[in-house]
Amino acid sequence: MNLFKNILLPVNKGMDVSVAVKKALELKDEKARVCIHFLMYEHKNYLHNFFNYFNRKRATSSNNYNKLFEESFYRLKKEIAEQCENCVAVIDIIPQKNITKGFIKYINENGIDLFLFCQRRVKHRLGFTKKINFDRIARQSSTSVLSITPGCLNHSVKSIILPVGSFIPEKKIQIAIAFAQKYNGLIHLITMLDNADENHSKMKVDIFYKTYKILQECGYTPQYKILSKYESHEILLRYAENVNADLILLNPVKKNFLPTISVNAIVDFISPHSHLQVLMTKPNIAS
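Using the numbering used here, you'd call the opening residue of the sequence shown number 482 and step up by one each time.
Since the hints were derived computationally from the structure, they do not count as laboratory data. Each residue gets a CB set at the ideal place from its N, CA and C atoms; glycine is no exception. It is possible that part of the hints are untrue.
As the list claims (entries may be wrong) - Think about it this way: if two alpha-carbon atoms lie no more than 30 Å apart in a straight line, the pair counts; the simulated DSSO-like pairs of lysine-lysine are:
hint	residue 1	residue 2
1	Lys639	Lys503
2	Lys683	Lys663
3	Lys586	Lys512
Claimed, not checked - Label pairs and their in silico Cβ distance ranges:
hint	residue 1	residue 2	range
4	Cys699	Ala513	20 to 26 Å
5	Val569	Leu708	21 to 27 Å
6	Lys612	Ile707	33 to 39 Å
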């Protein structure tokens, strides 16, 4: 598997676009034409009534930021062209009120294969990134969603965590191998078992072993570990810290009321100074 050809960077004051550009250039496909999409979000005033007074204030702030970014876009475009002969940069805007739905529509129409963002930390829970459902974006499109921090720049991906559940994650295996090839990294294969469900645990162990064999046949002998409490992202992050992981590969979670491991939840726990990246992708299930 090659790396990425159509990379989408969301633009808003809640995102650090300069860091995302550097990572996009690092992860671009070296052999193909690459397009980096800068996508802004425009608030719209739908009803002129009392309740939209505060929406209009937020819209003014967002649209002012968009104007400032448009002025700096040509500088970014020039920097990209200087560093990458086969790269082009485009800028666009989502007019929809539902930002997650707008992203999904744009991704599917433009063949985006990587949605890459670097979230600025906010002091309240009503920031721009709280409005984006990253799991839904990965679940309802063919793109991979990558969360990064400024700490990941100039840091090779030497340690990759590949969690395995109740099926062989073909696409995650391909991505893990692509990163391992690019950075000469080590793959850590893990599974998480619920001791209360013996039959399900046995099935997971079988899939775990089959995935191990696939990686071996591809020339990679992974480290491996069996953990408990599948629903706990704290367990996964603790293991990532213990092995000094640089990248975690996840599946998007389905909408339900059960505790699950999601990108939104994990990103909130990661320090801006950490080099840990989280990539989520909809799996191709191997038989």
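* Is the distance from the Cβ of Cys699 to the Cβ of Ala513 consistent with 20 to 26 Å? -> Given about 22 Å between the Cβ atoms, the range holds.
* To do: Using the beta carbons of Val569 and Leu708, state whether their distance is inside 21 to 27 Å or not.
  => Because 43 Å falls outside the window, the suggested range is violated.
* Asked: Does the Cβ-Cβ separation between Lys612 and Ile707 fall within 33 to 39 Å?
  -> Once the Cβ atoms are compared, 37 Å apart, the range 33 to 39 Å for Ile707 and Lys612 holds.
* Asked: Does Lys512 lie within 30 Å of Lys586 when you go C-alpha to C-alpha?
  -> holds, 27 Å
* Asked: Is the hinted pair Lys683 and Lys663 satisfied, with a Cα-Cα distance of at most 30 Å?
  -> violated, 34 Å
* Are the Cα atoms of Lys639 and Lys503 separated by 30 Å or less? -> Answer holds: Lys639 to Lys503 is near 18 Å, not above 30 Å.
Comparing the model with each numbered hint stated earlier shows that hints 2 and 5 do not hold.
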